[in-house]
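Trainee: Here's the letter readout for the chains.
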Amino acid sequence: MRLTVAASWVESPLKAFVDDGRVRLAILLHSSGQVLGQFGFARSVDVMTACALAAATAASSAELGRLIDGRPFNAMHYVGVTQQIFLAPVPIEGGKLVLLAVFDEDSSLGLVQLFFQEFCATVKAIAPAASAGEPALDADFERELNRNLAVMFGRA
Amino acid sequence: MNSPFTQTLSALIRHRGVTGCMVVGESDGIIVDSSLQIGVNGSAVAALTASLYRKAQRASTAAGFGMTGFFELVAEGGRVCAAGRNEMVLVIVAGAKVNVGIIRMEMLKALESFP
Amino acid sequence: MVTDDIRALSEALAADPSSTVFLQLGEALRRQGQVELAYRVATRGLERHSQRFEVHDLVARIAVDRGDFARARTEWETVLLLAPGHSGAQKGLGFLCFQQGELAAASRYLGAALEASPGDQSLSAALDTVRAAIADEQRAPWERPTAALPATVGALESPARPFAAQPADARTLFAEVLGDAPQAALLIDADGYVMAGDYVTADGHDLGADLGAQLSGVSDEASRAMRHLGLGKWKQIVFESEAASVAMAPCGEGVLLVAAPRTVPLGFVRRLLERSLDRARRWLESGT
Chain A
16 MRLTVAASWV
26 ESPLKAFVDD
36 GRVRLAILLH
46 SSGQVLGQFG
56 FARSVDVMTA
66 CALAAATAAS
76 SAELGRLIDG
86 RPFNAMHYVG
96 VTQQIFLAPV
106 PIEGGKLVLL
116 AVFDEDSSLG
126 LVQLFFQEFC
136 ATVKAIAPAA
146 SAGEPALDAD
156 FERELNRNLA
166 VMFGRA
Chain B
134 MNSPFTQTLS
144 ALIRHRGVTG
154 CMVVGESDGI
164 IVDSSLQIGV
174 NGSAVAALTA
184 SLYRKAQRAS
194 TAAGFGMTGF
204 FELVAEGGRV
214 CAAGRNEMVL
224 VIVAGAKVNV
234 GIIRMEMLKA
244 LESFP
Chain C
-2 MVTDDIRALS
8 EALAADPSST
18 VFLQLGEALR
28 RQGQVELAYR
38 VATRGLERHS
48 QRFEVHDLVA
58 RIAVDRGDFA
68 RARTEWETVL
78 LLAPGHSGAQ
88 KGLGFLCFQQ
98 GELAAASRYL
108 GAALEASPGD
118 QSLSAALDTV
128 RAAIADEQRA
138 PWERPTAALP
148 ATVGALESPA
158 RPFAAQPADA
168 RTLFAEVLGD
178 APQAALLIDA
188 DGYVMAGDYV
198 TADGHDLGAD
208 LGAQLSGVSD
218 EASRAMRHLG
228 LGKWKQIVFE
238 SEAASVAMAP
248 CGEGVLLVAA
258 PRTVPLGFVR
268 RLLERSLDRA
278 RRWLESGT
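Residue numbers (our numbering), protein chains in the order written: chain A, 16 to 171; chain B, 134 to 248; chain C, -2 to 285.
Here chain A stands alone, though its shape is the one from the complex:
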């Protein structure tokens, strides 16, 4: 399984999270849905779909939190039959990114939470402020998205 990134600063913390947390799939993305790095996906179309769904789910959850609790919900955890999903905002200067991780019985929620905390601390320290991702302009969004995917899957 290869880890691929669209921005070089993503590689080290994402690799550490994947290795220590023993997750099967992981994606770090802008809250707009643009991918910054991924592990475990074989096809760019899967990354694109996962990013879109993760961004939408994170946004929905944040709004639901604001509505119910006056503030966005934090991490989300879904349990499937054999796999589990962990989806959480990654705070950085000037905004936030989103991390989606999929894991199975080789890991656990406790481990993923533990290494996610370390991941957040590292990312916060090294992520360029611009990575918070000012909302992508409509005109540029698709081009940016495709560029990132092309970089990661070696077609740039």
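Worth flagging that the hints you see were computed from the coordinates, not collected in a lab. Ideal placement from N, C-alpha and C gives every residue a C-beta, glycine not left out. One or more hints might be untrue.
As the list claims (entries may be wrong) - Pairs of lysine-lysine residues, derived as DSSO-like cross-links and limited to a Cα-Cα distance of at most 30 angstroms, are as follows:
1) Lys230(C) <-> Lys230(B)
2) Lys232(C) <-> Lys30(A)
3) Lys232(C) <-> Lys242(B)
4) Lys230(B) <-> Lys232(C)
5) Lys111(A) <-> Lys30(A)
6) Lys30(A) <-> Lys139(A)
7) Lys139(A) <-> Lys230(C)
8) Lys139(A) <-> Lys111(A)
9) Lys230(B) <-> Lys242(B)
10) Lys30(A) <-> Lys230(C)
Unchecked claim - A short, non-exhaustive set of chain C residues, derived as facing chain A with CB atoms under 8 angstroms:
11) Ala11
12) Glu33
13) Arg221
Stated by the list, open to error - Beta-carbon label-pair distances, calculated as ranges:
14) Leu68(A) <-> Asp188(C): 35 to 45 angstroms
15) Gly199(B) <-> Thr71(C): 13 to 23 angstroms
16) Asp119(A) <-> Thr260(C): 17 to 27 angstroms
17) Glu120(A) <-> Phe247(B): 43 to 53 angstroms
18) Ala22(A) <-> Gly82(C): 58 to 68 angstroms
19) Ala12(C) <-> Gly228(B): 51 to 61 angstroms
20) Gly249(C) <-> Asn135(B): 41 to 51 angstroms
21) Gln132(A) <-> Glu44(C): 27 to 37 angstroms
22) Thr97(A) <-> Ser220(C): 24 to 34 angstroms
23) Arg268(C) <-> Glu209(B): 14 to 24 angstroms
24) Glu282(C) <-> Glu209(B): 13 to 23 angstroms
25) Glu282(C) <-> Gly109(A): 29 to 39 angstroms
26) Gly109(A) <-> Glu209(B): 36 to 46 angstroms
Dock chains B and C against chain A, hints included.
Mentor: Positioned in the frame of chain A, the structure of chains B and C alone reads:
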């Protein structure tokens, strides 16, 4: 608020050298209840020890030895003991010089009272 | 099967998820020791090809490697429904019945498989083992050939064991430390291969490779835990299971492992570990 494990944990933490004890979900590595001294990172101990215990459990079963009972990891700066029952793991963090024989007996005895 | 082949098979499967290339991929992963990944590949394939007996057979073999004997039994029973008389399923069920103490059923399955393949020496060896177990039922648990089951499975799969035999002096490295008692010591390298020592069961099977592969993963897990717990390096792991007490410690680039019956006091198992460590270090440093 007391849990079904409060009494067990209160008794275990009183042993000389024990710095933390907790009941952890075996599959998720999340703390169910704990009694920790200041400075012990309970969630890290819980997640990592439950994972170690699970790994030993699987390896032991696959090697034909059957299910794991008591588990102990000795490190330069202390030790971690674990024993599981009913999808829960009782975990103890202790200094290197603790009387592990007593701890082991107490842990196995405590497991019998697990719901 | 090398990693490149696995990558090629993975790509072939990604290109055509409905193909049966997952059978080769699952088996390749299983043989490489990536049991969980093999299991995922096989069970996903099973969702698409549930009427193919080969798929159930693959899932059963992987389930055995995972220690999930109930699943393995169900899958091999399904194989016999789909392909009555399937020799591999009969062998597998023979093994499982043996493992669960159903010696008569084990003998029946293995006997049927042997009738179908009279020249299969692994089958006649397995049947001999079962018959010996029936005769030895009254012996002490540690001496019973139950522990030989993984070796039986190995013998059922192929004549070539995944790990080559070690030189005689390496195999007997710990003989002096262990004495004649039914206990074992193994020196495992960083990849999970046996470097020295053996684990021979009452019926003469050496399970060292199986044991080493299974238990060396525990030390990887311990190393990760140590990086995050602030307790320094790990020095020793001891655990008690239903049948044995196991102690392990880092040694060179790998790990040293000692196993003894539960009847042996835990403190003595630790002593055996320490003595075996001394012996292994001397051997690693000076070759003597």
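Trainee: Hint by hint, note whether the structure agrees.
Mentor: Hint by hint, here is what the structure shows:
no.	hint	verdict
1	Lys230(C) <-> Lys230(B)	16 angstroms, holds
2	Lys232(C) <-> Lys30(A)	27 angstroms, holds
3	Lys232(C) <-> Lys242(B)	26 angstroms, holds
4	Lys230(B) <-> Lys232(C)	14 angstroms, holds
5	Lys111(A) <-> Lys30(A)	19 angstroms, holds
6	Lys30(A) <-> Lys139(A)	16 angstroms, holds
7	Lys139(A) <-> Lys230(C)	29 angstroms, holds
8	Lys139(A) <-> Lys111(A)	9 angstroms, holds
9	Lys230(B) <-> Lys242(B)	22 angstroms, holds
10	Lys30(A) <-> Lys230(C)	23 angstroms, holds
11	Ala11	5 angstroms, holds
12	Glu33	6 angstroms, holds
13	Arg221	6 angstroms, holds
14	Leu68(A) <-> Asp188(C): 35 to 45 angstroms	38 angstroms, holds
15	Gly199(B) <-> Thr71(C): 13 to 23 angstroms	21 angstroms, holds
16	Asp119(A) <-> Thr260(C): 17 to 27 angstroms	37 angstroms, violated
17	Glu120(A) <-> Phe247(B): 43 to 53 angstroms	22 angstroms, violated
18	Ala22(A) <-> Gly82(C): 58 to 68 angstroms	59 angstroms, holds
19	Ala12(C) <-> Gly228(B): 51 to 61 angstroms	56 angstroms, holds
20	Gly249(C) <-> Asn135(B): 41 to 51 angstroms	49 angstroms, holds
21	Gln132(A) <-> Glu44(C): 27 to 37 angstroms	36 angstroms, holds
22	Thr97(A) <-> Ser220(C): 24 to 34 angstroms	27 angstroms, holds
23	Arg268(C) <-> Glu209(B): 14 to 24 angstroms	20 angstroms, holds
24	Glu282(C) <-> Glu209(B): 13 to 23 angstroms	22 angstroms, holds
25	Glu282(C) <-> Gly109(A): 29 to 39 angstroms	56 angstroms, violated
26	Gly109(A) <-> Glu209(B): 36 to 46 angstroms	42 angstroms, holds
In terms of the numbered hints stated before, the structure departs from hints 16, 17, 25, listed from lowest to highest.
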